[in-house]
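Asks: Take the given structure of chain A and dock chain B to it, following the hints.
Protein sequences appear in the order of chains A and B.
For what it's worth, this note's numbering labels the leading residue of the first sequence as 1, then goes sequentially.
For what it's worth, this note's numbering labels the leading residue of the second sequence as 1, then goes sequentially.
Hints are computed from structural coordinates only; laboratory data are not their basis.
Certain hints may be false.
With a Cα cut of at most 25 Å, we get these calculated DMTMM-like pairs of lysine to aspartate or glutamate [unchecked claim]:
id : chain 1 : residue 1 : chain 2 : residue 2
1  : A       : 73        : B       : 6
2  : A       : 73        : A       : 170
3  : B       : 49        : A       : 80
4  : B       : 193       : A       : 80
5  : B       : 107       : A       : 200
6  : A       : 165       : B       : 18
7  : B       : 107       : A       : 20
Pulled a few chain A residues facing chain B out of the computed Cβ check, cut under 7 Å [said to hold, decoys possible]:
id : residue
8  : 25
9  : 32
10 : 35
11 : 41
12 : 70
13 : 182
14 : 184
15 : 189
One-sided excerpt, in silico: chain A residues whose CB lies under 8 Å from chain B [said to hold, decoys possible]:
id : residue
16 : 12
17 : 81
18 : 173
Cβ coordinates follow ideal geometry from the N, Cα and C atoms, glycine included.
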Amino acid sequence: MTDKVFKTPPHIEPVVFTRDMLDWLPWLEPMPEQDLTARHMAGLVDAARAKSAYFRLLVRDPEVLEHRTKTDKDIFYNPEAGLPRAERELAAAATSRFNGCIYCASVHARFAATYSKRVDDVDRLLDKGVDTDLDARWNAIVAASVALTSTPITFGGEHVDALRKVGLDEASIVDVINAASFFNWANRLMLSLGEPAAPEKG
Amino acid sequence: MSDVIDTLAGIEPGSPLDGIRNGRLQARTHAQASYDSLFKPLSEADASKLERIAIACFVAGLHGRPEMEAFYGAALAEAGAPAAWKGAIAVAVKAAKGQGPYGHYPKGPLSAEDKAGPVFEIGAAERSALGARLAAAFEHTHMLVFHPRDAAPSYLQALVDAGWSTTGIVVISQLVAFLSYQIRVVAGLRVLKARPA
Numbered sequence: 001m002t003d004k005v006f007k008t009p010p011h012i013e014p015v016v017f018t019r020d021m022l023d024w025l026p027w028l029e030p031m032p033e034q035d036l037t038a039r040h041m042a043g044l045v046d047a048a049r050a051k052s053a054y055f056r057l058l059v060r061d062p063e064v065l066e067h068r069t070k071t072d073k074d075i076f077y078n079p080e081a082g083l084p085r086a087e088r089e090l091a092a093a094a095t096s097r098f099n100g101c102i103y104c105a106s107v108h109a110r111f112a113a114t115y116s117k118r119v120d121d122v123d124r125l126l127d128k129g130v131d132t133d134l135d136a137r138w139n140a141i142v143a144a145s146v147a148l149t150s151t152p153i154t155f156g157g158e159h160v161d162a163l164r165k166v167g168l169d170e171a172s173i174v175d176v177i178n179a180a181s182f183f184n185w186a187n188r189l190m191l192s193l194g195e196p197a198a199p200e201k202g
Numbered sequence: 001m002s003d004v005i006d007t008l009a010g011i012e013p014g015s016p017l018d019g020i021r022n023g024r025l026q027a028r029t030h031a032q033a034s035y036d037s038l039f040k041p042l043s044e045a046d047a048s049k050l051e052r053i054a055i056a057c058f059v060a061g062l063h064g065r066p067e068m069e070a071f072y073g074a075a076l077a078e079a080g081a082p083a084a085w086k087g088a089i090a091v092a093v094k095a096a097k098g099q100g101p102y103g104h105y106p107k108g109p110l111s112a113e114d115k116a117g118p119v120f121e122i123g124a125a126e127r128s129a130l131g132a133r134l135a136a137a138f139e140h141t142h143m144l145v146f147h148p149r150d151a152a153p154s155y156l157q158a159l160v161d162a163g164w165s166t167t168g169i170v171v172i173s174q175l176v177a178f179l180s181y182q183i184r185v186v187a188g189l190r191v192l193k194a195r196p197a
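Same shape as in the complex, but just chain A (with noise of 0.2 Å):
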């Protein structure tokens, strides 16, 4: 019987906004390492994710996982044109600290303060939110991703306009746009599947 809810194990349930390493507890069932088919594995794409609670549940649709993961790497990892990969991983952090998802926000603002060094500015935008005051091209990726990703959208002319104005080409922009739009398929699926868990504390 596989259709049945999980109850999670005991854990420690984050209550803040972190740049920590979480763990990620499933509500579903994931798919048994050992019943995992070529097909599961070309679903996975990275067969290190075998060992992951999160894509072993996905993976139960290879084929959707598959090309959601493929779409994820090109917007994030292709280093050519565009905006620097800091700055994807900006706009990925502030939808998911928009949306409210403490587990998907972690993983990208860990990737905005590597790649950026700006370490205070990422934690700020944690703590205090999307209305923060970061710096004039900072506010204007931050406040087209929350565009974005209100519903309804609001997003708007104004929004280029002032991407524009701090220095983004249209390739840059589009880049905001697929990064802060990804982030709703991701934070969605993060949010509704399971929870995020801090480390025990030693």
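Replies: For chain B alone, coordinates are given in the frame of chain A:
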């Protein structure tokens, strides 16, 4: 080759935005392949095409995006949905529409940022027109669209109780999440296209 996002955003082959999208060719190709996997699935055992299209119509309506409503509305008609569905979906959209994201955080410092909002319950007439499975899926979809941080095991239990399998829940979660992405990319590109530098 043109794809659904190009069609919905009005991006012409050879245009500047077409060129920029080609600069992220893998993302472009696999966003289309994600769409194809969701709407032309290898198996309908856990979620039928008709169920998927009905949920897409509801998501499009909740976002108030005419281009998306027209696109998925046409798909619903083509797929031969029962006659009562179109009206039932329209009534459900009207009743469910709101402003997101809202919801609660785990108790603690973030509780100051809690934002209350409605939990959608589908009307009796729409439940009867759409059936118990889709009715439960619509209630779940409303949470995913407007207040995803309120997600809890009880929401998944409601889907299981209505007959959704674990794989079916993964499929409809991916579906609503993918649409949340697709709708935003289309909206963003349309704004950019209408605002030449």
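Asks: For which of the previously enumerated hints does the structure constitute a violation, in increasing order of number?
Replies: The structure breaks hints 3, 8, 9, 10, 11, 16; every other hint is satisfied.
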